[in-house]
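Asker: In the order they appear, the protein sequences are chains A and B.
Note that the numbering used here has the first sequence beginning at 1, numbered continuously upward.
Note that the numbering used here has the second sequence beginning at 1, numbered continuously upward.
Simulated from the structure, these hints should not be mistaken for laboratory data.
Predicted, not measured: the structure shown is a model, and the values here were computed from it.
Heads up, some of the hints might be wrong.
As the list claims (entries may be wrong) - Mimicking BS3-like on lysine-lysine, the simulated pairs with C-alpha atoms at most 27 Å apart in a straight line are:
#1 Lys51(B) to Lys49(A)
#2 Lys113(A) to Lys61(A)
#3 Lys49(A) to Lys27(B)
#4 Lys61(A) to Lys44(B)
#5 Lys68(A) to Lys44(B)
#6 Lys27(B) to Lys61(A)
#7 Lys49(A) to Lys44(B)
As the list claims (entries may be wrong) - Which residues of chain A face chain B? A partial, calculated answer using Cβ under 7 Å:
#8 Tyr32
#9 Gln42
#10 Gly43
#11 Leu46
#12 Lys49
#13 Gly99
#14 Asn100
#15 Lys101
#16 Phe104
#17 Ala106
All C-beta atoms, glycine included, are put in the ideal place defined by N, C-alpha and C.
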Amino acid sequence: AQSVTQPDIHITVSEGASLELRCNYSYGATPYLFWYVQSPGQGLQLLLKYFSGDTLVQGIKGFEAEFKRSQSSFNLRKPSVHWSDAAEYFCAVPTGEYGNKLVFGAGTILRVKS
Amino acid sequence: NAGVMQNPRHLVRRRGQEARLRCSPMKGHSHVYWYRQLPEEGLKFMVYLQKENIIDESGMPKERFSAEFPKEGPSILRIQQVVRGDSAAYFCASSRGHSNQPQHFGDGTRLSIL
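Let the hints inform the model, and build the full structure from the sequences given.
Answerer: As structure tokens, this is what we get:
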């Protein structure tokens, strides 16, 4: 079954520093992949999605992600982190017969130091 | 606000009572999903519905939980005879319905059981 793994539970970066959050997927064919962000007490907001084509995907809020088949990875990056980026980030892959059941990674909590 | 609307945002019930959670999908979306977020278990799929049909309920507990998405009105997640273990955040998402389409989430209902 398709799954995603986020190996980092917590990450702390300084404001203005670059960020990379890791996501590894387990899937035979080319997967669809998503990154979501959740602020405390809020729902999940879609940051970006990968379906096919260009392996570098641009999202909202200055985020991007790169699909690397050779490493089974879909890491999320941002060149300069802002304090408002502090949140929990989830990688997800759709599964199931209809491709509509999202399976989420465990999430990575991002803390931003000022 | 054209986003996914969930109500109530917070719901408190005593053990044995019923909980009803409501979700109105985004405009133009006809597919609805429910997920549950438990502190130690992460986000888990519960059920996928289209108007008047349950498509995939593989993540629903076998007893006490039910969901519907009637022809008119919001989708309802119903939990009968609630127990302490039902305390969680319940999120609704919607999509246009094509396979692997991104899902857009509401802000969730936080259910607390006394």
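Asker: The structure should be examined with respect to each hint, and the outcome stated for every one.
Answerer: Status of the hints after comparison with the structure:
no.: 1; hint: Lys51(B) to Lys49(A); verdict: holds, 26 Å
no.: 2; hint: Lys113(A) to Lys61(A); verdict: holds, 19 Å
no.: 3; hint: Lys49(A) to Lys27(B); verdict: holds, 21 Å
no.: 4; hint: Lys61(A) to Lys44(B); verdict: holds, 26 Å
no.: 5; hint: Lys68(A) to Lys44(B); verdict: holds, 26 Å
no.: 6; hint: Lys27(B) to Lys61(A); verdict: holds, 24 Å
no.: 7; hint: Lys49(A) to Lys44(B); verdict: holds, 19 Å
no.: 8; hint: Tyr32; verdict: holds, 4 Å
no.: 9; hint: Gln42; verdict: holds, 6 Å
no.: 10; hint: Gly43; verdict: holds, 4 Å
no.: 11; hint: Leu46; verdict: holds, 5 Å
no.: 12; hint: Lys49; verdict: holds, 5 Å
no.: 13; hint: Gly99; verdict: holds, 4 Å
no.: 14; hint: Asn100; verdict: holds, 5 Å
no.: 15; hint: Lys101; verdict: holds, 5 Å
no.: 16; hint: Phe104; verdict: holds, 4 Å
no.: 17; hint: Ala106; verdict: holds, 5 Å
Going through the hint list in order, the structure satisfies each hint without exception.
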